[in-house]
Amino acid sequence: MSDLLLDIQGLTKAYPGVVANDDVSFTIKKGEVHALLGENGAGKSTLVKMIYGLVRPDKGQMHLNGEVFAPSEPRAARAAGVAMVFQHFSLFEALNVAENIALGMENPPKQRQLAKRITDVSQAYGLPLDPARLVGDLSAGERQRVEIIRCLLQDPSLLIMDEPTSVLTPQEVEILFKTLRKLRDEGTSILYISHKLEEIRAICDAATILRRGKVVATSDPKTASARELAELMVGSTLHQPERVEQELGDVMLAVRRLSTASTTPFGTSLKSVNLTVRKGEVLGIGGVAGNGQDELLAALSGERLSTPDAVTVDGQPVGDLAPNARRCIGVLSAPEERLGHAAAPDMSLTENALLTGAQREELTDNGFINWGKTREFAEKIITDFDVRTPGPSHVARSLSGGNLQKFVIGREILQRPEVLVINQPTWGVDAAAAADIRQALLDLAAAGTALVVISQDLDELMEISTNFAALHHGRLSATRSCQGLTVDEIGLMMGGADAA
Amino acid sequence: MIHLEKRAEPSQLWAAFTPVLAVILTMIAGGLMFAALGKDPFEVLRTIFWDPLFSEQFSAYSRPQLLVKAGPLILIAIGLALGFRAGIWNIGAEGQYIIGAISGAAVGLAFYPTESWLIYPLMVIAGATGGWAWAMIPAILKTRFNTNEILVSLLLVYVAEQLLASMALSTLRNPEGNGFPGSRNLSQYWSTSNPELITGTGMHLGVLFAFITVIMAYILLHKHMLGFHIRLTGESPRAARFAGVNPTRLILICLGTSGALAGLAGLFEVTGPAGQISIDFNVGYGFTAIIVAFLGRLHPVGILLAGLLMALTYIGGELAQFMLGLPGASIQAFQGMLLFFLLGVDVLTNFRIRIGHGGAK
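Sequences listed follow chains F and W, in order.
Residue numbering for the first sequence follows this note's numbering, starting at 1 and increasing by one per position.
Residue numbering for the second sequence follows this note's numbering, starting at 1001 and increasing by one per position.
If we strip away everything but chain W, and leave its shape as in the complex, we get (with noise of 0.2 Å):
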């Protein structure tokens, strides 16, 4: 018989193991289900992680995606982090990363086609507060009337996406565009583009601001007050009310950084990678950056490790769908096993196993 015994203490070394231990089950469960798919388990593996970063065939092209697909997933993940660690659940950052990108991009396309410096910072901000005040809508109807934040975030994802199509269709059209959907493409102007830093390598400044979120993220967690009431917060929340925590004001903090965060990502993306504001613009970074952030055990430099494994899968399992041929939901099956694994051994953390009789039931 085997049983679970409770940790006097969290176990420092599984909690740092665990992330490891996940991604090896997941390998394991993984490889068994490409097998069930007739396809060597090996081989798939090696396509999914090893070929995307190595191979000479792919890598110019895949390496530099590396990148471009864990930058926003990091910032967003970061942002939302700091919610879950006191418990305020923003389920909504994809909307809020819509937002963020249409506000920007309007206020580049509203100065098209002069040419300034000044331009870029202003859309940068501008695609900040959008994503600010799209997730101010379920703070404030959380502190006003105690709405549930999770309902009302995830639900203006839907409100964002038809705001897209919408201005994809109509306001921010090309007005050159021979009537096709889509904005002018901000990536070719000077003023309002968001090129590579570094060439070939996929560094831009919304993957620099990724990581300098990380490190802010880390500073503010560790080693400030605010940060401190933050994780007082998510563990237990009469003590931090006892502590002198505002729990209105954490919520608007907490839910308007996220915001923030989710809006500059769609900001870098759309002045950069995507280059225009486009029906099919978003692809799931705010939802997939969830997972990233609890991959990354809501800990900065975890998502950060997160954040770059997540983007391997998406990049090795693209990869593995036309080189192979698998369906592309076994791949999603793939990324879901990760995240079932790594819940699953959390456990460990603060649980021993005991194998044998005795000990209470």
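One chain only, chain F, in its complex shape (with noise of 0.2 Å):
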């Protein structure tokens, strides 16, 4: 019997205007943790929905275990020993645990035997996770671990990974790995994806690079260098954002005990958040998803209201102001959602540009739109920002994630801030676009402008911010430069230790 377990020949998918995998050949092993790597874009999420069955090719051949491999939906993918856990958890908040693990199953056995069930992979596995809780009271990396163990019950023999530590502290990063580890040991293979070279080094033993669809190359990650690895991916030498050292400014943005009730069961709440931001800083501001990133956002720009006191922007209270109010002094920020917050998925990218420049390009006149001064607003967001895009008459969400992100920022950036709030300035960009927002971010605060960044990757925080702190459960840590900070203060900060 070959030590192969997936065998890919020629596979090829196309969408109309994009091949988006054209010819893919490549193998795992039995017991081998196999790295997808390529950024957004590159096809790897059709290649994966072609092996979980989500999508068929048009050509080509899969072999799973030396039988043809040709799964008509998940189902069927299932059936055949792969399991996948995805990017986004499809999990229901109101119910627990072992609710939303039967939910996924087949045939699911009675409550308390799947619960024993449960107890016993999570703990096989390290993974601990109390089957009674409520879903909606988990962390995101608890919620990453239902996932897993929902995968595990079925014993895989193949287990795909989108992009699972996204979400992570590096502490829970660590534990993830374990796991993994185990798992392979086992005969368990992995695949892998993801655009973080450092991990795909920690834990890989084999990559297949993907670039426009394509395979184009494979290669030991323990050899490579990350940088090697990140020039096969983006297939240029990477630019590295420069900084320069300078004095900052006066405090420009400052925040005082804001607190503010969560909307919604499952939400967060601010308490009691304290910072401060000085002409020319970047605050990069960390923490896992949903610990109060979005509040802290909509409390700064304005969509959420607080006490004027709680916020105050050169000394003027305006923590009551609307966001057109504290856009006209100069507060601009730049929500993590793209489409459907930050743009309207289905308006023109004028329309969009409109949304909230109206106010700081004098786009009206009495209430009246001037379209034609709006399209020129537009197009120069499109040229200045290297927006790829046919022209500015087509809707956002045409546009590829990272060519709308860049837009985003872009029409917040020429808007000349005083202050510049951003949640997640490079989320699910290619690398290429996010080393040119990270430039276009700190070259704003070279000029002065103070800036909020708010993110869940650390690389980018530590790249870019002259102070940091983390979000835990609505509460803000002290405020820390990054000059000296170690990982694991990070994981700690991150994780509530020294919240104040």
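Hints are computed from structural coordinates only; laboratory data are not their basis.
This structure is a prediction, so every number in the text was calculated from the model and none was measured.
The beta-carbon is built from N, C-alpha and C at its ideal position, and this holds for glycine as well.
Incorrect hints may have been included.
[As the list claims (entries may be wrong)] Output of the computed footprint for chain W on chain F, the stretches with three or more beta carbons under 8 Å from beta carbons of chain W:
| no. | region |
| --- | --- |
| 1 | 103 to 111 |
| 2 | 366 to 374 |
| 3 | 422 to 429 |
[Unchecked claim] Some chain W residues well away from chain F (every beta-carbon gap over 12 Å; in silico):
| no. | residue |
| --- | --- |
| 4 | Pro1175 |
| 5 | His1229 |
| 6 | Met1337 |
| 7 | Ile1355 |
Reassemble the complex: the two chains are provided individually, in unrelated frames, and hints are given to aid placement.
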């Protein structure tokens, strides 16, 4: 019997206007952690969707354990021993862990037996989880464990993990890696999708690198350097953002004892948040998703109002000002959710430029919209920030995530902000675009703008921030200078150990 | 196997073509239904769509009726569309229409028998205010207590109908009417009447006002920030809030405007074609306007065309009933088919149909 588990030969899948996968071939051995590397849009998702039976290939063949494998639906893939943990969880917050797991099973056993099996599996793999807890009360890391255990209960021979560490603290990543190594040692193969190179070097035995739908290289991540991998992935030399060290100016944004109540039962309320940002400073705010990031952005952008003195800009109380009043004094923001929050999906880029630009760019006259000027503003964003689109009359949802993000960030930067608040500036953005965005933020800081960057990507925060703080359960830790901050210290801050 | 594939962008071509396709499909399905009822489908369709406008026998009566019926439909539908665009669902235009008519008529009757050119403008203001106030009830309940505006506005229609009956029977009853229910005939007094502007066309002040509203609504939606905010709120409420839209204010504006326009439609009707407040004054314009708004794709120009088409099916439908002996229900079913096909083929704007295997399931 050969040691090949999955053999993929010549898979091709085309969508209208784009070939997502072009003649992709690679193999996964038994008991191997195999990395699938590539930028956003390189075709990783399409490829794993074909393996998991969500999408059918136009051409090509797959063999699992030497037999032809052509799953017509996820159920068939699961029956053949393929399991998948998605990047976005599909869990019901109002149900408990065992109920959620039962919902995904073909023939769920009785709750009590299932709870026992969940406990057994979670102990065996070092993933502590209480089957009776409500999912709504769990952290992102714990929710991921629910998804992993759901997969492990099927005894899979191949486990697909899509960007599993994006929601974890460094400590949680370590726990996950221990589990994955244990699974590998027991003979389970893992297909690990990521664009975080250090992680891949830490855990993977082999790597297949995709670029624009094609396999460009297969390499051993243990011997290749992160830089070599990155260049294979991007196809060119990466530009490292440059930082200019400078004296910080006066305090521009100050938040004092800011508390807001949560609007939903499973949302997070901000509890007495304090922070100050000086002119030219980049305050990086880390933390696992769902610990109050959205709420903090809403309180700073003006979507959630507070007492006037809780938020001051240049000494002026602004806590009770609505978003447009704050824009007038130079407080701009870019929320995490691009489609549906920062931009309206079915509206054109011109209309989306008007969305936040109306005040500062003076795009209206007595309430009447100057479409010519608005279109010019949209075109300026598109040229200055290299947004790839045929033109400003196209709707926002037709753009790729990275291009739309460049548009959203560019829209705010071009309005010359005094204070800029950004949540997840490079989430789902390819490496080249992410480098451009970070450079633009650093340039803005160099010009004297006070920046608050909320992100779950710690490497990014370390790269661009002057100071660092972390959100945990709606509380913000004390601010620390980024210089000399260790990963362990960051992990503790994110876990709430020194929360003020 | 047929499956649907989402388009990267909505198709402009299909957005314009789907109403036409829907009308064609309605004629085919309707024709089959009429054939099943034992009538010649071509004759029925000709009676509905052609005879009211061009037959020598009927057009003298029915051609002016086209504008008389389309006017209030368009006026109400424009107001409703503003709210529908923003995701605010006023289903109670019928009630606002009734209250507008009662308020306007009450002002006119209060001045009777004085003659002055000032009276009619006052009645117009009263009609708009009446409709606006009736729509403010669901608006304020929604913004204060988060009630559902669909239910509240709909139920208020039945309250308004009771009020109408009470007015026709007591407060506004014609004292010289020998005890018959119904008010004085407003269209018979110069100061309170809304006559045809051009004889034989059916064109009265309300129709003129409806056309002006179409233009105003077009400008509002496409050239003004308020219209942008209305569209943005409907597309994505979170983005709207991020753009600084105050949802409470928008609810009050949209419900208030649609109420005022429905009230105006009622006022023009009671002073013109209907002439008086009577128990059976309302004939369902407020509900039909909902269909007109969707048939017109919530676009002002679309609503103008849809209002005319809907009016035609009403007039032609009545003609078919007494000329060919078709049951009234079959005409309603025919109008229902129109909405059904319209909503059904709408999917082609955002999706394309693929035939064959492969692709996502």
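Of the numbered hints stated previously, which ones are contradicted by the structure, given in increasing order?
1, 3 and 5
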